[in-house]
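Novice: Guided by the hints, dock chains B and C onto chain A, whose structure is given.
Chains as they are written, first to last, in the working numbering: chain A, 3 to 127; chain B, 43 to 361; chain C, 23 to 120.
Hints listed in this document are in silico derivations from the structure and should not be mistaken for laboratory results.
Predicted model, so just to flag it, every value in this text is computed and none were measured.
There may be inaccurate statements among the hints.
[As the list claims (entries may be wrong)] Using 27 angstroms as the maximum straight-line C-alpha spacing, the simulated DSS-like pairs for lysine-lysine come out as follows:
{"hint": "1", "chain 1": "A", "residue 1": "Lys-123", "chain 2": "B", "residue 2": "Lys-103"}
{"hint": "2", "chain 1": "C", "residue 1": "Lys-45", "chain 2": "B", "residue 2": "Lys-98"}
{"hint": "3", "chain 1": "C", "residue 1": "Lys-94", "chain 2": "A", "residue 2": "Lys-31"}
{"hint": "4", "chain 1": "A", "residue 1": "Lys-31", "chain 2": "B", "residue 2": "Lys-98"}
{"hint": "5", "chain 1": "C", "residue 1": "Lys-94", "chain 2": "B", "residue 2": "Lys-47"}
{"hint": "6", "chain 1": "B", "residue 1": "Lys-87", "chain 2": "A", "residue 2": "Lys-125"}
{"hint": "7", "chain 1": "B", "residue 1": "Lys-98", "chain 2": "A", "residue 2": "Lys-36"}
Chain residues, written in single-letter form:
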Amino acid sequence: MGANLAANYVQAVAMVLFVIGFANLLLQKNLLKKIIGFNIMDSGTYLFLADMGYIKGRVAPIVTDGIQEVERYINPIPSGLVLTGIVVSVSVTALMLSLTVRLYKRYHSLDLDEISMLIKKEKGV
Amino acid sequence: MSRRKTDEEYRQTGAFRFFRWLSGSKDAYIDTVEMKPQTEAVETKEEEERREAEHKHAVEKAYDSNNRAIIVFNKIYRLVAAIFTVFLLVSLIYAVSYLPKIGDADNATSNEVARRYIENGVQETGAVNIVSGMILTYRAFDTFGETNVLFIATCCVMLMLMLDEKILEKMDGRDDRRFEPKSDPILKTMASFLCPVIFIFAIYILFNGHLSPGGGFSGGAVLGAGMIIYVNAFGFKNTQRFFNETIYKIAKISALCMYGLIGSYFYITGANHIANHIPLGKVGELISGGIILPINIVVGIEVACTMYAFYALFRRGGL
Amino acid sequence: MLVLTIMLLVFLIVCSVAVSFTKNLFNAMLIYMSFSLVMSIVWVILESPDLAITEAAVGAGITSVLFFITLKKIRAISLEDSDKHADNMENHKSETLE
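Chain A extracted, bound-state conformation:
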């Protein structure tokens, strides 16, 4: 174990969130719960990225009082990257939910095992 685990506790939490979301993806049978797990995974990644740019004792990157010194503001790059990521994640969620609605209309089930059984049956295997 490295020495910086106590200082990097936010990133450790982000990794825990990522793993919980991943476990949801692997172990849940319900499609809606899988999508929620995917969203939690997203949040974990964003938390990890945004925490990279945080610098102790500095303020948000909005120029106030005309001061333009690097020593005053945090790193603006991770914030910008995550900002676009959050909006993309909602469109990905909407796409997955619409697929779920179509699957439910066709197979009348949200359980992935049942759906795959029904698909196999349709193919005549």
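Specialist: Chains B and C alone, transformed into the frame defined by chain A:
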């Protein structure tokens, strides 16, 4: 010498087809692209019974307590998944413990790029909010691609969930709103207070993106949320008076094209060291910041349209 | 401030674990909504107000609304089925009575 085109000739032009397509009277792709019209799924009684039986059979087969192979497979799958998850957790936290200390000023992440954005950002972009200035000028094409992602996602959701106009008319009042009260007094009263406030707040966020936290993405999302509340309280008929499918098409496509044009102009002039004729204005005023204000407005329209379209498509199957 | 941060982070983990173990889908979505709201407070603590506004509008607002409509739509589809069944049963009954 100019002469007036006859009706027959006008019908041959591209402009006629474009406006016909825009007003929705005829799809430009009918008779040219092979398409399958979407029909409402109608089940006969026998089909339904067969489906129910199949469903029951599939459930029994999937959770068969006598089929040893499935039980063993499920157990092994769960075990392997759990072991893999724990391994992932341990390795990720191990990696985090070796990362440089968060909060230090001399980390590798705060390098000369961030220094450049902070020290010269205000002079070069005219935006007080450095994040907005960064994503809309230095990284404008990145954001353009991301706006395209929104557009494509809406198109995909439309492919999945959009119903034919005739079916919508026939289904009027018998979609999933039939199980809820049509004009809830609590919701209506609260919405008539809340909607104006939300819209004004959204427009404030949109127009002050270069001066304060916010910008196109957050302002557009708030605007979309306000429209969702309005639809929920007053129904689709009232909303269609100011926002229907034609307006949606025009707003969305023209917003995307505007962004493309502004972005290309900025990119070409910047990459070739040609003089850029967009004035930056006085830093700190509302009308300032060069291309940031128009792009913020355009992105806001795009995001609001996307959010409302998602809701309407899920709810009703059409805009 | 440190105590507040740690409390919020613990709340995030508790929420995400609770989502995994809830049987009721509606409750799972409500818990995810509160997860997003707490996430937006964490963004404020990490000095990124842009992210906070976006997360509050998108994560807690629109994503949750989309989840709720999906659930409602799925219930409506199954209710439609049960309606059909009820109609069929009624027709059947009236036929046999006659």
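Novice: Hints first: check each against the structure and report whether it holds.
Specialist: The hints, checked one at a time:
1. A:Lys-123 / B:Lys-103: holds (11 angstroms)
2. C:Lys-45 / B:Lys-98: Distance ~22 angstroms between Lys-45 of chain C and Lys-98 of chain B Cα, so the pair holds.
3. C:Lys-94 / A:Lys-31: holds (19 angstroms)
4. A:Lys-31 / B:Lys-98: holds (17 angstroms)
5. C:Lys-94 / B:Lys-47: Given that 27 angstroms is the threshold and the Cα spacing comes to 54 angstroms, the pair is violated.
6. B:Lys-87 / A:Lys-125: holds (23 angstroms)
7. B:Lys-98 / A:Lys-36: With Cα atoms ~23 angstroms apart, Lys-98 of chain B and Lys-36 of chain A stay inside 27 angstroms; holds.
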